[in-house]
Every structure is written in C-alpha cells, then in structure tokens.
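S.K.: Sequence:
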Amino acid sequence: MPYLIDGKTNGPALTWPGGKRIAVMVTFDFDAEFLRISRAKSKGTSIGFTDFSRGQYGPYEGLSRCLDILDTTGIKSTFFVPGIVAERYSDSVCEIHRRGHEIACHGYLHESVRGISREEEVQILNRAETALERITGRKPVGHRGPESIIHPFTPGLLRERGYLYSSSMKDCDWPYLWEIDGEMLPLVELPCDITMDDFTYYYFTFSDPAVRAMYTNREVFGNWKQEFDALALEGNKLFILKLHPQMIGRASRAAMLGELISYMQAHGAWITTCEEAAEYVLAQYTNSIASSDACRKETTL
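Numbered as in numbering that gives the first Met the number 0, the sequence shown ends at 300 without a single skipped number.
Bear in mind the hints are in silico, worked out from the structure with no lab data behind them.
These numbers were taken from a predicted model, which means no experiment stands behind them.
For every residue, glycine included, the Cβ atom is placed at its ideal position computed from N, Cα and C.
Keep in mind that a hint or two might mislead.
[Stated by the list, open to error] Derived DSSO-like pairs (lysine-lysine); straight-line CA-CA distance at most 27 Å:
#, residue 1, residue 2
1, K224, K19
2, K75, K169
3, K19, K169
4, K138, K224
5, K169, K42
6, K169, K40
7, K40, K75
8, K224, K75
9, K19, K75
[Stated by the list, open to error] Computed Cβ-Cβ distance ranges for the label pairs, DEER-style:
#, residue 1, residue 2, range
10, S116, E86, 19 to 29 Å
11, K169, Q283, 29 to 39 Å
12, S251, T49, 14 to 24 Å
13, P185, T49, 17 to 27 Å
14, F51, E94, 14 to 24 Å
15, E258, Q122, 39 to 49 Å
16, G114, K75, 27 to 37 Å
17, D180, Q122, 17 to 27 Å
18, Q55, E218, 22 to 32 Å
19, P16, L232, 15 to 25 Å
20, K75, Q283, 18 to 28 Å
Generate coordinates for the entire structure from the input sequences, incorporating the hints supplied.
M.R.: See the structure below:
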C-alpha cells in the first residue's frame with residue numbers, strides 16, 4: 000500500500016531483523032575520474048590534469064583502504080560502479096567482487112545529464128550492465144543515478160529490466176515501493192541525502208569555483224553520528240552513507256569511517272548491503288499488502 004511522503008508520516012512500521020533500531024547501508028560510488036569529467040561536462044567545462052589525478056586516487060589508493068575498513072569491521076557494502084570504470088579498472092572491481100560486496104549500476108560514463116530520452120537510457124543501461132556482468136556473472140539488481148539524476152521513465156524501465164531497487168531519491172528517511180499510474184511496482188526505493196554524502200564535505204576542484212569543500216574529519220564524524228543517533232531514536236528508519244573512495248579513502252578519513260561504523264554497530268544498527276535490505280523491505284511490503292487484502296475479504300463475508 001502507498002504511504003504519504005509529507006515530511007510528517009513515518010512510513011511503514013518496519014521492524015528490522017534482530018530487533019535492530021535502524022537499517023544502515025555503507026555504500027560507495029566508485030566513479031574514479033569519471034565523476035569529475037561528467038560533472039564538468041554538464042557545466043560546459045572540462046577538468047585539468049590535477050582533477051583527473053584526484054579522481055584516480057580512488058582506484059590507485061583510496062579503494063584499498065575502504066575495502067580494508069570493511070574487512071576490519073566485518074560488514075558488506077554496495078559499490079555503485081559505472082560501466083567504464085569496470086572496464087578500465089577491472090582488477091579493482093574484481094577485487095570488490097572477490098571480497099563479497101555487491102556491485103550495482105551507476106551509468107556507463109557516469110552520465111549526469113538531464114533530459115535524455117528513454118532510448119538513450121536503454122543504451123546506457125545495456126552497456127553498463129554488460130560491463131558489470133562480465134565481472135560478477137550476473138546483471139546488477141540495484142541502480143543509483145549518476146549524481147542521483149534519474150528521469151520520469153527510469154523507475155518503470157528499471158522494473159522492466161528486472162531491478163530490485165533504486166537509490167537516488169531524497170524524499171524521506173525510510174524505504175518505499177515505487178508507484179506508477181496507481182500501480183505499486185516491486186521496485187524498492189532506498190533514499191539517501193547529501194548530508195550523508197562525503198562529496199558534500201570533501202569534494203574539491205578548480206574547474207568549478209562554487210564547489211570547494213574541505214571540512215574537518217571531526218565535523219563530518221559529528222554530523223553523521225548525530226544524524227544516525229536521531230534516526231535510530233525515531234526507529235524504523237534508514238541511514239545510507241554515500242561515499243567515494245577518491246575522497247573518503249584518504250588515510251585519516253578512512254580511519255574516521257571505521258570509527259563511525261564501529262559506533263553504529265555498538266548502537267543498534269543493522270548494517271547490510273542495499274540488495275539484502277531491499278529484499279527484506281519488499282518481503283515486508285508484500286506481507287503487509289497480503290494481510291490487508293485478507294482483512295478486506297473477511298470484512299465483506
């Protein structure tokens with residue numbers, strides 16, 4: 000059944016596994032230099048050599064720290080990977096897969112472009128899925144729009160292609176099913192937000208003067224911890240970190256991330272992959288709808 004997203008409604012009364020207070024996904028957008036290339040292109044400019052190398056810090060250095068932190072804390076993650084990154088940095092993406100993390104779709108060239116046609120997105124998904132399937136042996140079940148950009152036809156297209164979930168919207172603090180023309184789709188939305196995105200705090204570039212962020216790790220840790228605590232106190236909520244190895248993979252930042260994960264583990268978090276969370280949510284919704292239908296039938300007897 001649909002739930003009103005109005006900033007007041009708490010959504011479905013999901014009970015997370017094991018009585019956990021909150022569901023947490025520590026996710027990574029493994030964009031390498033293509034985040035910076037596509038962002039500059041969308042603004043009618045281009046990046047220089049230093050920005051290019053900042054992007055390459057992800058596969059060359061930052062990724063290994065992120066993977067080690069995940070191993071140390073004993074959690075599994077979801078990596079949203081553009082198809083071109085899977086092709087150019089195949090060893091890195093293979094290592095992500097080898098360590099048991101989910102690999103999900105994130106465009107082919109990290110196309111953060113508005114106003115494309117449905118046919119153009121079909122072509123993007125075809126190329127992206129093929130590149131990821133070569134490494135994982137299966138098509139991805141999750142999708143996040145590059146820079147969270149999706150289109151009016153995207154949810155229906157994802158469902159047609161067999162996707163389980165999307166993670167691009169910013170409209171609430173709990174997961175829900177997409178609804179199109181009054182029909183509920185078996186497509187789970189796992190919303191995230193810029194406040195839980197390392198891009199907000201650490202992205203620096205000379206190609207875009209308006210975006211030069213450099214917060215201290217103490218500030219970032221404090222913001223994320225406070226948001227986690229507040230959502231956990233409310234209950235039934237979702238906390239998704241959206242991270243980039245080229246930014247969070249710096250030594251001190253990776254250490255801060257490990258500290259935050261340990262804190263969340265000790266304070267009632269169910270930390271899992273987006274795929275596992277979406278499967279759980281879909282099952283809860285399905286059971287809820289079936290129970291409601293049964294009640295209606297009994298009432299009419």
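S.K.: Assuming the hint says 29 to 39 Å, is it satisfied by the Cβ distance from K169 to Q283 or not?
M.R.: The hinted range 29 to 39 Å is violated for K169 and Q283, with Cβ atoms some 22 Å apart.
S.K.: Within 27 Å, alpha carbon to alpha carbon, are K169 and K42?
M.R.: 22 Å, holds
S.K.: For the range 17 to 27 Å, tell me whether the beta carbons of P185 and T49 fit it or not.
M.R.: Violated: the Cβ-Cβ distance is about 45 Å, outside 17 to 27 Å.
S.K.: Would you mind confirming whether the straight-line C-alpha gap from K19 to K75 stays at or under 27 Å?
M.R.: Holds. K19 to K75 sits at ~17 Å (cutoff 27 Å).
S.K.: Is the straight-line distance between the alpha-carbon of K138 and that of K224 27 Å or less?
M.R.: Not satisfied, since the Cα-Cα distance of roughly 34 Å exceeds 27 Å.
S.K.: Check the hint pairing K40 with K75 against an upper bound of 27 Å on the C-alpha distance.
M.R.: Distance of about 33 Å is beyond 27 Å: violated.
S.K.: Please check whether P16 and L232 have a Cβ separation lying inside 15 to 25 Å.
M.R.: 19 Å, holds
S.K.: Starting from the hint 22 to 32 Å, judge whether the C-beta atoms of Q55 and E218 obey it.
M.R.: 26 Å, holds
S.K.: Is the distance from the Cβ of F51 to the Cβ of E94 consistent with 14 to 24 Å?
M.R.: Taking Cβ atoms as reference, F51 and E94 lie about 22 Å apart, which means the hint holds.
S.K.: Straight-line Cα separation of K75 and K169 no greater than 27 Å?
M.R.: Distance of about 23 Å is within 27 Å: holds.
S.K.: Note whether the CB distance of G114 and K75 lies within 27 to 37 Å or breaks it.
M.R.: 36 Å, holds
S.K.: So the hint says 19 to 29 Å: do the beta-carbon atoms of S116 and E86 match that?
M.R.: 24 Å, holds
The structure is inconsistent with the numbered hints 4, 7, 11, 13, although it conforms to all the rest.
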